[in-house]
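Undergrad: Here's the letter readout for the chains.
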Amino acid sequence: MAVFPRRRLAAVALAATTALLVTAGCGGGGDEGGDGPVTLTVDVFGQFGYEQLYREYMDANPGVKIVERGTGTNLDEYSPKLTQWLAAGRGAGDVVAIEEGLMVEYKANPGNFVNLLDHGATDLKGNFLEWKWNAGLTADGKQLIGLGTDVGGIAICYRKDLFAKAGLPTERDEVSKLWPTWPDYIATGERFVAAKTGASFLDAATNTFNTILLQAAGNTTGYSYYDTSDSLVVDSNPSVRQAWDTTMDIIDSGLSGKYGSWSEEWVSAFKQSKFATIACPAWMTGVIEANAGTAAQGKWDIARVPGNGGNWGGSHLAVPKQSKHQAEAIELVKFLTSAKGQIGAFKAKGPLPSSPQALDDPAITGATNAYFSGAPVGAIFGTGAKSLKPVYMGPKNQAVRTEVENAVRTVELGQRSPAQGWTDAVTNAKKAAAK
Amino acid sequence: MTVQLDARPPVVPAPPRSSGRLSRLDTRLSPYLYIAPFFLLFAVFGVYPLAYTFWVSLHDWDLLGADHPFVGAENYTRLLADPDFWHALVNTLGIFVISTVPQLLAALWLANLLNRGLRARTGWRMAVLVPNVTSTAAVAIVFGVIFGREFGMINWLLDLVGLDAIGWKSNRFASWVAISAMVDWRWTGYNALILLAAMQAIPRDLYESASIDGANRARQFWSITVPLLKPTIIFCAIIATIGGLQLFTEPRLFHSGTNPIRGGPMRESQTLTMYMFENAFAPHYNFGYGSAVAWLLFALIAIVAAVNVLILRRLGGGAGPRKETTP
Chain C
1 MAVFPRRRLA
11 AVALAATTAL
21 LVTAGCGGGG
31 DEGGDGPVTL
41 TVDVFGQFGY
51 EQLYREYMDA
61 NPGVKIVERG
71 TGTNLDEYSP
81 KLTQWLAAGR
91 GAGDVVAIEE
101 GLMVEYKANP
111 GNFVNLLDHG
121 ATDLKGNFLE
131 WKWNAGLTAD
141 GKQLIGLGTD
151 VGGIAICYRK
161 DLFAKAGLPT
171 ERDEVSKLWP
181 TWPDYIATGE
191 RFVAAKTGAS
201 FLDAATNTFN
211 TILLQAAGNT
221 TGYSYYDTSD
231 SLVVDSNPSV
241 RQAWDTTMDI
251 IDSGLSGKYG
261 SWSEEWVSAF
271 KQSKFATIAC
281 PAWMTGVIEA
291 NAGTAAQGKW
301 DIARVPGNGG
311 NWGGSHLAVP
321 KQSKHQAEAI
331 ELVKFLTSAK
341 GQIGAFKAKG
351 PLPSSPQALD
361 DPAITGATNA
371 YFSGAPVGAI
381 FGTGAKSLKP
391 VYMGPKNQAV
401 RTEVENAVRT
411 VELGQRSPAQ
421 GWTDAVTNAK
431 KAAAK
Chain W
1 MTVQLDARPP
11 VVPAPPRSSG
21 RLSRLDTRLS
31 PYLYIAPFFL
41 LFAVFGVYPL
51 AYTFWVSLHD
61 WDLLGADHPF
71 VGAENYTRLL
81 ADPDFWHALV
91 NTLGIFVIST
101 VPQLLAALWL
111 ANLLNRGLRA
121 RTGWRMAVLV
131 PNVTSTAAVA
141 IVFGVIFGRE
151 FGMINWLLDL
161 VGLDAIGWKS
171 NRFASWVAIS
181 AMVDWRWTGY
191 NALILLAAMQ
201 AIPRDLYESA
211 SIDGANRARQ
221 FWSITVPLLK
231 PTIIFCAIIA
241 TIGGLQLFTE
251 PRLFHSGTNP
261 IRGGPMRESQ
271 TLTMYMFENA
281 FAPHYNFGYG
291 SAVAWLLFAL
301 IAIVAAVNVL
311 ILRRLGGGAG
321 PRKETTP
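These protein sequence lines are chains C and W, in that order. With this note's numbering applied, the first sequence closes on residue 435, and no number is skipped along the way. With this note's numbering applied, the second sequence closes on residue 327, and no number is skipped along the way.
One chain only, chain C, in its complex shape:
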């Protein structure tokens, strides 16, 4: 009888010792002081496309070495890690990427970040779209947490080979003409499904739902789950309901392949050409290229999004207060978010610049993407980028969005009826907001 508790204690002690060793081994990125070169750690997720820019920066600044962590990781893995590093006071990189949804939560506790207004950022205001600049500002306007990287102008990416197989037009202008509105998009999807190509029309209902919601919200109220006074309006905002109903039509017509977005199956579905279209914010082009691989080069193309414009995603770069090389990190942030830096990132992986100068630059307006059959990505995403209307996000946006998208997913998988799903979405969203 006595054997067991002692063993357990021993196990605890062993685990504790191991944890100690591991922690000691992992401690801190880039904190070696002295006269040697300064190592700056940059934390990102997804595809930011900075590799070439790092090389240029290191050539121009021999005293700086840049190490990047996180390319290709999922935002859902990245956000909690970053939050833990900030809460623990160590572990975060010298430069960190903050996605727009998370920015809202970080703005509530700005003390974790260097105020860029104290470091000459005020002069840079004209380099950013006004709403992008404002998104990095705290509510009182006194602290700038991050400088904008990209915005998420939306299009639809589609597989030409699958469209041809289904007897649909494949040329991008003709494809755009197929779906001026979302009901037209659904009608096209029904034609595609009827042709029985062995592929689905779209990847996952959640991606399309989020696109429709952000578009509808941007075109009407300017907010989605929370209104601008931070009250939860998930059940009263007509944009949410409209996006929900359209998505239910999509599911009802059997258009979705039900590949949970960002899952391993989703990645496999890219590789195996299992769906024909995907809601495509500018940053998604880099994700598609990474997931579908070189075998699909030239098989993808980009058409207009149904409805009118919309913005999904986009990030800021910030410098955590815990960084030991704040001055150097701030300079790097300024470089990466400059018009030149944004153009470089766009060329590498497709995130659309948030700088009006960059958007007007011939390098953007004339840009084409070879992977997407030479589609004029600069014109497709860049046109209208300057008139993008931002969507306001409230304090628990991420948690609420998770609940609503999960409700979409339960209906998509046939676990819930659309009516039950809506009830779940509203009750669970309220519960999440109260947590």
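Since the hints were made in silico from the structure, they are not lab data. Backbone N, C-alpha and C fix where the C-beta goes; we use that ideal spot for every residue, glycine too. Honestly, I wouldn't trust all of these hints.
To be verified - With a cut-off of at most 20 Å between alpha-carbon atoms, the simulated EDC-like pairs for lysine to aspartate or glutamate come out as follows:
1) C:Lys430 - W:Glu150
2) C:Lys431 - W:Glu74
3) C:Lys271 - W:Asp62
4) C:Lys334 - C:Glu99
5) C:Lys430 - W:Asp62
6) C:Lys274 - W:Glu150
What the hints assert, rightly or not - Chain W regions said to be covered by chain C (calculated; three or more residues, Cβ under 8 Å):
7) 61-69
8) 149-157
Position chain W against the provided structure of chain C, taking the given hints into account.
TA: Chain W alone, transformed into the frame defined by chain C:
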């Protein structure tokens, strides 16, 4: 002669009084000193986090927030009324039962096989431990692929024989089975070795006299081996309980995509530790609430362990070799 005698130093110098005290102090205290490192480590890495977690659980503690107002037992009262918490508890217990029962039966069977005179015995015994030294992450990823809905191997096989595909990740019971398979894959061999060690301590003459009495192998197994293994089986059950109630890596890595910490769209296989993580970290960052989950989990394990100990006491006494075995 006398000179020689005088020059010889005393064989045992008379110890001064104070050194006697010291040596007595030494015998009394040094054992504590020897075990102190463990208790120091335990205090720092066991007791302190435990106490601190309890302190946090009494506050409205936003992970990033500067203020943490004291709220007393509010986190606990809210948690007890939280259906998602009870849902996670049922998941945890469900996965625990359908993983542990077959696991111990299979381990018993394996141990019995390994206890026979096999060729290359050590090789076989080492082999059953291989799944246990494989990284959990690797196991979870491979099983995640095997149990995929559309591209998974099992659904492909089901399709070959004309059966409908199973949504391994979105069907509650199916996801429990898949995760249990993962747990069993890792832990059956480990338990088999422990049972094997206990089996080898059973005196051979018991079997010999049983054979003389005409008992066949199966009869010997159930009437001699199993009763004598009872304490070991209970030990394995306790270890499995602790592991089972804290199950995290397997179900967490079984799900991928957006917000995998939910364990499926309707929390089909979200265990208590996953629920704790969901609250303490993304997407809620409510450290106080997460800490309350951690403490209730601790209480649950303590209760289950106490029940185990009671059972052990009761059965442990009766498990020794009986003087008279009535057939």
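Undergrad: Take the hints in turn and mark each one as holding or not.
TA: The hints, checked one at a time:
With a C-alpha separation of about 33 Å, the suggested pairing of lysine 430 of chain C with glutamate 150 of chain W is violated against the 20 Å cut-off. This hinted pair checks out: lysine 431 of chain C and glutamate 74 of chain W have alpha carbons roughly 16 Å apart, not beyond 20 Å. Note on lysine 271 of chain C and aspartate 62 of chain W: the hinted pairing is violated, with a Cα-Cα distance of about 41 Å set against a maximum of 20 Å. Distance check on the hinted pair: lysine 334 of chain C and glutamate 99 of chain C sit about 17 Å apart at the alpha-carbon level, within 20 Å; holds.
The straight-line distance between the Cα atoms of lysine 430 of chain C and aspartate 62 of chain W is roughly 18 Å, inside the 20 Å bound, and the hint therefore holds. Simply put, lysine 274 of chain C and glutamate 150 of chain W have alpha-carbon atoms about 10 Å apart, close enough for the 20 Å limit, and the pair holds. Proximity of the region 61-69 of chain W to chain C, defined as three or more residues with a beta carbon under 8 Å from a beta carbon of that chain, is established by the 5 residues found. Under the rule that three or more residues need a Cβ within less than 8 Å of chain C, the assignment of the region 149-157 of chain W holds, with 3 such residues.
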